[in-house]
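Undergrad: Chains as they are written, first to last, in the numbering used here: chain A, 1 to 315; chain B, 1 to 315.
Be aware that one or more of the hints could be misleading.
What the hints assert, rightly or not - For lysine to any residue, the following SDA-like pairs were computed, each having C-alpha atoms within a straight-line distance of at most 25 angstroms: (1) A:K7 - A:S39; (2) A:K7 - A:V173; (3) A:K244 - B:E257; (4) B:K244 - B:L151; (5) A:K244 - B:E249; (6) A:K244 - B:V209; (7) A:K244 - B:G170; (8) A:K7 - A:H180; (9) B:K7 - B:R27; (10) A:K244 - B:R208; (11) B:K7 - B:F137; (12) B:K244 - A:A260; (13) B:K90 - B:E129; (14) B:K7 - B:V209; (15) A:K267 - B:V209; (16) A:K244 - B:F137; (17) B:K244 - A:V173; (18) A:K83 - A:E48; (19) B:K244 - B:G268; (20) A:K267 - B:L151.
It should be emphasised that the hints constitute simulated quantities derived from the structure, not laboratory data.
There are 2 protein chains.
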Amino acid sequence: MAVIFEKVALIGLGLIASSMAHAMRQRGLATTITGYARSAETRAVAMELGFCDAVFDSAAEAVAGADLVVLAVPVGAMETVAKEIGPFLKPGATITDVGSVKQAVIEAVAPHIPPRAHFIPSHPLAGTEHSGPRSGFATLFENRWWLLTPLPGTNPAAVARLRGFYEAMGAYVDEMDAAHHDLVLAVTSHTPHLIAYTMVGVADDLRRVTDSEVIKYSAAGFRDFTRIAASDPTMWRDVFLNNKDATLEILGRFTEELFALQRAIRKGDGAHLHEYFTRTRAIRRSIIQAGQDTAAADFGRGATPAAPVDIPKKP
Amino acid sequence: MAVIFEKVALIGLGLIASSMAHAMRQRGLATTITGYARSAETRAVAMELGFCDAVFDSAAEAVAGADLVVLAVPVGAMETVAKEIGPFLKPGATITDVGSVKQAVIEAVAPHIPPRAHFIPSHPLAGTEHSGPRSGFATLFENRWWLLTPLPGTNPAAVARLRGFYEAMGAYVDEMDAAHHDLVLAVTSHTPHLIAYTMVGVADDLRRVTDSEVIKYSAAGFRDFTRIAASDPTMWRDVFLNNKDATLEILGRFTEELFALQRAIRKGDGAHLHEYFTRTRAIRRSIIQAGQDTAAADFGRGATPAAPVDIPKKP
């Protein structure tokens, strides 16, 4: 494919940024990739793996001359890096971010981007439970959605160029406004993550069921929660602190529904439970038809797990 | 491997029973497999697929002469089949069940089993979101736990024989008392399922986020809930109605924890959130080390999903 941005600067070098670098390399979408990460260890790993052409000790140096700058740091760190790079942006450069929350990022970043640059917030709906520069891979964005939440008045050519760049990585691109994005993600991602974290925490707390029992017998449903609950703690802390209103709204609806099901269990109302479970099953079918998951049983987990080993003790 | 039970009768021919039949065939653990299912359609499918040597129109006929009888029907149907087969059991036969709840099954089944037979309740911690006679496969139980909850005074030789039978299918076997089983499963399976059902129901109800948005953007966490929430509605209705006390207890702890996290979000207490999310991440690591899941990113989903298709409309 053709080069879309000559020089791309990645600010933050975790799962998303390193996957973008691998994808750009594989598909020839950029000529030069520079990088910056706050941690010296992360910078060293990025150099070792070679997915950047150059890694700098400051974000300001990394963005010099860049045609595209990607802010790929936790949402809570966006303002600091935006402030630092603002004065060093090349005229006409496009600035995007990959944060899971959009309104708070816009408030934090937009004031620091000079008018000569195009700030176009975005969010790839792709990831794994792994994090850090070693976890990236070129196909992460293939057949996944990448949402753009451009501000009113943004240069349409700049938006089209960024869209083409994400599509060239294999993503599907949609546009929506930032407030709607934050509500949609509160439903499809943020609240499910909080619930999974909570359930895993409950299991860990319960003294009458031992840790090794929880772990050994996790295949019955719980292990799918633990995968979700294994995601990066800093990223998720920042998501909840920065998408507070939408998350609290969806949580309120969730507890209301949960209490209704709880009452049905207490009262022995089997018809209510059966009707509810039948309805949710239909939603699963729609997701498979939409190509966002595999119909293979058990998520298509391929590998037969290894034999059980000693269960680690809680410290 | 050697035959362990000459003649095995499967009462109920869904995912678990058909998987047991495939595993017995593959490993040579039985000489004859008979079957019964309430639905004529299920019986016809079992005949078509050939995983039983004979399929009968009544449970009583299916168990005649059987050395092992497996009750593989929803928990709410256990009493009816136990009552029906009781008088027809061969002296010395072993009767087991594969229900997800043990105390209620014991209360429902034990009174109908004559003293000449050995009733040993059991529960395989294995399954997929698919159900029915076409969904079974021979390796379902490999490296999965199969719990036995024998009643006090059960013949030890009969327990050892059933244990050997499950181990020969590739399972790991543990024994515990029925009340403890029901609490452990409330934590590792029943409450997680209820929560997943609830979250999927909330998403479906929310009018400001469209169905197609929920489905398209599900990759961000929600789709793992939908898989859990796609399980068989009848089976799960019966689980909640029959493990009421333990499920309600764990639900109470869950909402308590959830409210604490909700308050942390409202108050902006990032330290509390970060500490909680770090702790839950460690549990995931233990599960992978225990061999109950793959460390491969995203559950090792192998296949690249197909391109998006038209999103089905809600009827």
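Undergrad: Against each hint, give a clear statement of whether it holds in the structure.
TA: Structure-based check of each hint:
A threshold of 25 angstroms between alpha carbons decides the hint, and for A:K7 with A:S39 the separation of about 23 angstroms falls inside it, so the pair holds. Proposed proximity of A:K7 and A:V173 is supported: the alpha carbons are some 22 angstroms apart, at most 25 angstroms. Between A:K244 and B:E257 the alpha-carbon distance is near 17 angstroms, which keeps this suggested pair within the 25 angstroms criterion. In summary, the hint linking B:K244 to B:L151 is supported, as the alpha carbons are separated by about 21 angstroms, within the 25 angstroms threshold.
Pair hint A:K244 plus B:E249 does not hold up; C-alpha atoms about 29 angstroms apart against a cutoff of 25 angstroms. Annotation: proposed proximity of A:K244 to B:V209 holds, straight-line Cα distance about 17 angstroms (limit 25 angstroms). Under the criterion of a C-alpha separation no larger than 25 angstroms, the hint pairing A:K244 with B:G170 is inconsistent with the structure, at around 47 angstroms. Annotation: proposed proximity of A:K7 to A:H180 is violated, straight-line Cα distance about 32 angstroms (limit 25 angstroms).
With a C-alpha separation of about 15 angstroms, the suggested pair B:K7 and B:R27 falls inside the 25 angstroms cut-off, and the hint holds. At roughly 17 angstroms between alpha-carbon atoms, A:K244 and B:R208 fall within 25 angstroms of each other, so this suggested pair holds. Proposed proximity of B:K7 and B:F137 is supported: the alpha carbons are some 20 angstroms apart, at most 25 angstroms. The straight-line distance between the Cα atoms of B:K244 and A:A260 is roughly 14 angstroms, inside the 25 angstroms bound, and the hint therefore holds.
This hinted pair does not check out: B:K90 and B:E129 have alpha carbons roughly 35 angstroms apart, beyond 25 angstroms. Proposed proximity of B:K7 and B:V209 is contradicted: the alpha carbons are some 55 angstroms apart, above 25 angstroms. Among the hinted pairs, A:K267 with B:V209 is inconsistent with the structure: their alpha-carbon atoms are about 32 angstroms apart, more than 25 angstroms. Simply put, A:K244 and B:F137 have alpha-carbon atoms about 45 angstroms apart, too far for the 25 angstroms limit, and the pair is violated.
Only pairs whose Cα atoms come within 25 angstroms are accepted, and B:K244 paired with A:V173 is rejected, the gap being roughly 45 angstroms. With a C-alpha separation of about 29 angstroms, the suggested pair A:K83 and A:E48 falls outside the 25 angstroms cut-off, and the hint is violated. Annotation: proposed proximity of B:K244 to B:G268 is violated, straight-line Cα distance about 36 angstroms (limit 25 angstroms). With a CA separation close to 29 angstroms, the supplied pair A:K267 and B:L151 exceeds the 25 angstroms bound.
Of the hints listed earlier, those the structure fails to meet are numbers 5, 7, 8, 13, 14, 15, 16, 17, 18, 19 and 20, in rising order.
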